[in-house]
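One-letter residues, chain by chain:
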Amino acid sequence: MSAILLAGLYATMSYGLALIYGVMKIVNLAHAGVMMWGAYVAFVLITQLGINPFLAPLLIVPAFFVFGRLLQRFVVRRIMGAPPISSLLLLFGVWLMMQNISYLVFSGDTKAITTKYTLLTFQWGGISISVNRMFVFIVGILALVALRQFLGHTYMGKAIRSTAQDSDASKLVGINTSRIMEIAFGIGIALASLAGSLMALIFAFDPDFGRSHLLKGFCIVVLGGLESMIGVALGALVLALSEALSVLWLMPAMQDFVSFALLVIVLIVMPGGMKGLVDRFFSK
Amino acid sequence: MSNARKILFAIFVLIISFILTPATGFSQASTTAPKEIILGAALPLTGGQSREGGYVNKAYAMALKEINDAGGIMVKAYGKKIPIKLIIYDDKSDNTTSVQLYEKLVTEDKVNALMGGYGTPLITAHTIVAEKYRVPYVNGGGATGAIYQRGMKYIFCIISSIEKLSFTLMDWIALQQNAGKLKKPLRIALMGENTSHGKEFRQGVLDKSKAAPDRFQVVMDEPFELNMKDADPLLQKVKAANADIYLADARLADYVTIHRRYTEMNLYHSIVSYGPRGPEKAARDALGPASDYIISCNWWNKDIPAAPSKAFADKYQKTYNEPAEWFAATAYEAFRVMAKAIEDAGTLDKTKIRDAMAKIDIKNSLVVGGRIWFEPNGQINNDHLIMQNMPGGKVALIYPKDVATAGPIVPIPKKK
Amino acid sequence: MMAKETLRSWKLWIGVAVLAFLVLIPFLGILGGYLQTLGFLTFLYITLSTAWNILGGYAGQTSFGHATFYGLGAYTTCILALRGVPILLTIPIAGMVASFYGLLWGYPCLRLRGQYFAIATIGVGEATRLLMLNLDDLIKNNHLLKGFLQKGVLTGGATGLMLPTPEDISAYATGFYYGVMVLMFAALWVSWWVKKGKFGLGLFAINMDSDAAETVGVNTTRYKILALMLSAFMVGISGSIYAQYVFYIDPQTVFGFPMSIAMVLMPIIGGIGTLTGPILGAVVYIVVQDRILTANLNLGLIKLSLSTLHLLVYGGLLVLIILFEPKGLLGVHRRLNNWLKKGKIGSLMTTGKV
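Residue numbers (this note's numbering), protein chains in the order written: chain D, 1 to 284; chain L, 1 to 416; chain V, 1 to 354.
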C-alpha cells in the first residue's frame with residue numbers, strides 16, 4: 001500500500017521531467033535544483049509566514065512557472081540547435097549554481113517542516129496511512145488528470161504536443177514554436193517546484209536534495225515511454241512496486257540499485273518504454 | 001596553433017595564478033619568537049557533512065577568540081604569550097580535497113599543528129597526511145575506532161569510539177534488566193546507516209549480544225542507504241520481527257524519515273534508540289511528541305550540570321543564538337586541548353607538542369567524566385552519556401550517575 | 001621562413017624549460033613542498049581528463065559514469081595488495097579490470113544514442129557504487145562466493161579499504177610524483193596517437209554523424225567499444241595510483257557521482273575533443289581552484305570565504321562555456337588569436353605591405 005502512495009510521489013516528481021523532455025528533447029538536470037528550491041521556498045512560507053502547508057504550492061507553482069519561462073527564454077533557448085549534450089551540461093551547471101545559492105542563504109543544515117498534519121494518519125483497512133503522503137498522492141493523480149486535459153483538449157496543449165512531434169510542421173501551421181517551448185519549459189519547471197514543495201512536507205532536505213530523486217525520475221520517464229503522462233504514472237507505479245517487492249529477497253540497502261539497474265535495462269531493451277510495449281502489443 | 005603553444009598557455013595560467021595570489025604561509029625564524037602560532041584545519045563546510053562542519057567551525061572560532069583575548073598561548077621557549085592564527089579551508093566533504101588541503105596546510109601554510117575535521121571517511125583519509133609529516137593532530141569529531149588502530153603516533157581524538165558507544169548502551173540496558181525493569185532475554189531489532197559509523201554501531205550491538213545470549217537476541221539486523229525515501233519496507237520488517245527493543249543508527253535526515261513512519265505505523269518497543277541521535281532541536285521540532293522517550297547515547301549534552309560544560313553551553317548559545325550540539329562542544333574542547341599541549345610542551349617543536357599531548361591529563365574538561373587523557377593509540381576512552389527525551393521538549397540525562405539529572409523511564413510508555 | 005624558424009625553436013626551448021621545471025619540482029621546495037602534491041594531483045587529473053576525452057571528446061559519447069573505472073582500479077589494487085600481490089603488479093591488472101568492466105556494460109549501452117547513453121552511464125555509475133558498497137553483505141551469506149572474503153571483508157563496504165603506509169612516506173610520495181608524471185605523458189601520447197591515426201579518424205566521424213560513418217564502412221560499435229575500453233584502462237590505472245598515494249579509499253570518493261562529474265567538467269572547460277584541451281581543463285580545475293578558492297583566509301570566524309562559492313563558480317563556468325564558447329577555454333583562446341590576427345592583417349593591408 002505504501003508503495004502506491006510512493007508511486008504517487010514518484011509520479012509527481014517525474015511529470016516535469018517528462019514534459020520538458022517530450023517537447024524539447026532536453027534532459028533537465030536542473031529539475032533536482034528546482035525541486036530543492038521548491039522545498040526551501042515552501043519551508044520559508046510555512047515556517048516563517050505560517051501559510052497552510054496544503055496551500056503553499058498554490059503560491060509556489062505560478063512563481064516557478066515564470067522562473068521557468070525566463071530561464072528558457074534567456075538561457076536555454078540559446079542552445080536549442082546544439083547537440084543534446086549541451087543542454088544536459090548547461091542545466092547541470094544551472095543546478096550547481098542553485099545548490100550554491102541555497103548553501104549561502106540557508107547553510108547546509110538539514111531542514112524539515114513540521115505541521116499539525118505531519119504525523120497525522122488515518123486508518124484504512126487496518127493500515128495506517130500518512131495524511132501528508134495521501135495528499136501528495138492525490139495531488140499526483142489530480143496533476144495527471146489536469147495534464148491530460150490540458151494536453152489533450154486545450155489549444156495550448158495541442159500546440160505543445162504538435163511542437164513535440166514535429167516542430168517544423170507546427171511552424172507551418174502557424175504555431176509560434178519558440179513561445180510554445182518557453183511555456184512548456186515553464187510548466188515543466190512549475191511541476192518540479194510542485195513536487196519539491198510537496199516533498200518538503202514528508203522529507204527533511206538540504207541543498208543536495210533532489211539528486212537521488214532526479215535519478216529515479218529518469219528511470220520513471222524512461223520506463224513510461226517519454227511520450228505520455230499516463231506512461232509516467234504507470235512507470236512510477238512499476239518502480240515503486242518493484243522497489244517494495246525487492247525488499248523481500250534483496251537487502252533494503254539495495255533498493256536504489258534496483259531503480260538504477262532498471263533504468264539501464266529499460267534503456268537498452270525498451271527504448272519506447274512501457275507505453276511503446278503496450279502500443280506494439282495492441283497494434284497487433 | 002601548435003600543441004607546445006597550448007601547453008605553454010596552460011603553464012602561463014598556472015604561473016599567473018601563483019603570482020597573483022599571495023602566499024598564505026608564514027616563514028618563522030628559529031630564535032626570535034614567531035608572531036603567531038599557526039593552526040589549521042579543513043572542514044566540510046559544503047557537501048554532505050556541512051551541517052556538522054558549520055558547528056565545528058563556529059566552535060573553533062569561539063575557542064580561538066577566548067584564547068587570543070587572553071593574549072594567546074604561553075610558550076616558555078620564548079617567554080611570552082603568542083596569539084593563534086587559525087586557517088580554515090572547506091574540503092567540500094570530499095576525501096581527495098581534504099587530503100589535498102591538509103597537505104597544503106602543512107607544506108605551504110606551515111602550520112605548527114593541525115586541528116581535526118569532521119566525518120569518519122574524511123578523517124580516515126587526511127590523518128595520514130598529518131602522520132606523514134609528523135604534525136600533531138587532534139579532533140573531536142571522528143569517533144570510529146578503526147581510524148586510531150593504524151599505529152599512528154601523531155593523531156589524537158577526544159571522543160570515544162562508536163563501538164564503545166554501543167557497548168555503553170548495551171551495558172546500560174543490561175543494568176535495566178538487572179533492576180527488573182526489562183526482561184531477559186530481550187529481542188533486538190537492529191539497523192544502521194550503511195556507513196562505517198553505522199557498521200561499527202551494529203557490530204558493537206552484535207558483539208555484546210553474542211557475548212551474552214541469555215540477555216540479548218538480535219532478531220533483525222539491517223543496513224540501509226542514506227537519504228531514505230520510504231521507511232515503510234524496512235519498518236515492516238521491524239514489525240514482523242516482533243522485537244522488544246529497537247536500536248538504530250542514523251543521521252538526522254533519515255532519523256526523521258524513519259521515526260515519522262515508525263510513529264505513523266504505531267509501532268512500539270520498550271526502548272527506542274537512534275544511537276547518538278535524539279535530542280537535536282531540529283529533530284524534536286520535526287517529530288514533536290513522537291520523539292519523546294527516545295534514548296540516545298552521546299558524547300555531550302548541553303544540560304550536563306557540571307560547571308565547565310554549562311559554561312560552554314551558555315557561551316555558545318549567547319554567541320551564536322542557537323543551542324550547541326555535541327560535536328560543537330568536542331570541537332571546542334579539542335582546540336583547547338591543543339592549546340594546552342602546546343603550552344605544556346613549552347615550544348613549537350612538533351614532536352615535543354605531540355609528546356606533551358600524549359601525556360596530557362586535563363581534569364576539569366567538559367567531556368563526560370571531566371577528564372581528558374589518551375590511550376596509547378591516541379583515542380580517549382571515557383564514558384558516554386545516555387539521555388532520554390522527555391515530554392515538553394526536555395532532555396533528561398540518565399547515565400552516568402554523577403551527571404544524571406533524572407531517572408530513566410523504562411520501559412517507555414505506550415501511546416494511547 | 002626565417003621568422004618561422006626562430007619561432008619554432010623559441011617554442012622548443014620554452015617546452016624544455018617547462019619540462020625541466022616539472023622534473024625539478026620535488027627538489028625546489030616551492031610553497032614548502034606543496035607544489036609537489038599539487039603537481040601529483042594535476043598530472044593525475046590530466047590523465048583522467050585526457051582519458052575521458054577519448055571517449056567523450058573524440059567519439060562524442062558523453063559518459064557520466066567514468067568514476068566506475070576509477071573506483072574499480074582503486075579497489076582492484078587495494079583488494080589484491082591486501083592479499084599479498086605486489087603492489088606494482090596490481091597497476092596493470094587494475095587497468096584491465098576497469099577495461100573489462102567497460103566492455104561489459106559498454107557493449108549494450110553504446111548502442112544507445114547520445115543523451116540516452118549519458119543517462120545510462122549515470123545509472124551504471126550509481127548502480128556500481130551501490131554494488132561495491134554492499135558487496136560484502138551480499139556475498140557473506142552465499143556459500144560459493146564467501147571464499148572471497150578476507151576477515152569478512154572484500155570491498156569493505158562503507159568503511160572502505162586502507163593500505164598500509166610505508167616507512168619513508170616522503171621518498172614514496174616523490175617516487176609517485178614522477179610515476180604519475182610518466183603516466184600523464186603516456187596518456188597524452190596515447191591521445192595524440194589516437195587522434196592522428198585511422199582509429200581517431202573513425203571516432204571523429206562517429207562523433208559528427210554516426211550513421212554516415214557506418215555507411216562509409218566504419219564499424220561504429222567496435223570503434224566505440226574500443227574507445228571506451230581504452231579510456232577505461234587509463235582511468236583504471238589512475239584509480240590504482242590514487243589508492244596507493246592516499247592509502248584509503250571508500251565507495252563515495254572513488255565511485256561517487258562528483259568524481260564522474262569532475263571527469264566531464266575538465267575536458268569541457270578546457271576544450272573538448274582536442275589534445276591539449278583536457279590539459280588546460282585539468283590545470284584549471286586543480287591549480288586555479290586551489291589558488292583562488294583558498295586565497296581568502298577564513299580566520300575561524302564566519303566570514304564569506306571564496307571556497308563556499310565553488311559550486312557557483314563551476315556551475316557558472318559550465319553555463320558560460322556552453323552558452324558562449326562550447327569549445328572551452330581553448331576556443332576562447334583561438335577566438336582571441338583570430339581577432340588579433342585580423343587586426344594585424346587589416347593593418348598590413350592598409351599600409352600596403354603584404
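Just so you know, the hints here were simulated from the structure itself, not pulled from any lab data.
Hints are supplied without guarantee of correctness; some may be wrong.
[To be verified] Capping the alpha-carbon separation at 27 Å, the derived lysine-lysine pairs in DSS-like fashion look like this:
(1) D/K25 with V/K327
(2) L/K318 with L/K394
(3) L/K281 with L/K414
(4) L/K110 with L/K76
(5) L/K239 with L/K229
(6) L/K239 with V/K196
(7) L/K210 with V/K11
(8) L/K310 with L/K65
(9) L/K184 with L/K239
(10) L/K237 with V/K140
(11) V/K196 with V/K327
(12) L/K310 with L/K401
[What the hints assert, rightly or not] Which stretches of chain V does chain D cover? Using the computed rule of at least three CB atoms under 8 Å from a CB of chain D, they are:
(13) 77 to 91
(14) 118 to 127
(15) 131 to 137
(16) 314 to 326
Where is the CB? At the ideal position from N, CA and C, for every residue including glycine.
Non-conforming hints, listed in increasing numerical order:
Violated hints: 6, 7 and 13; rest satisfied.
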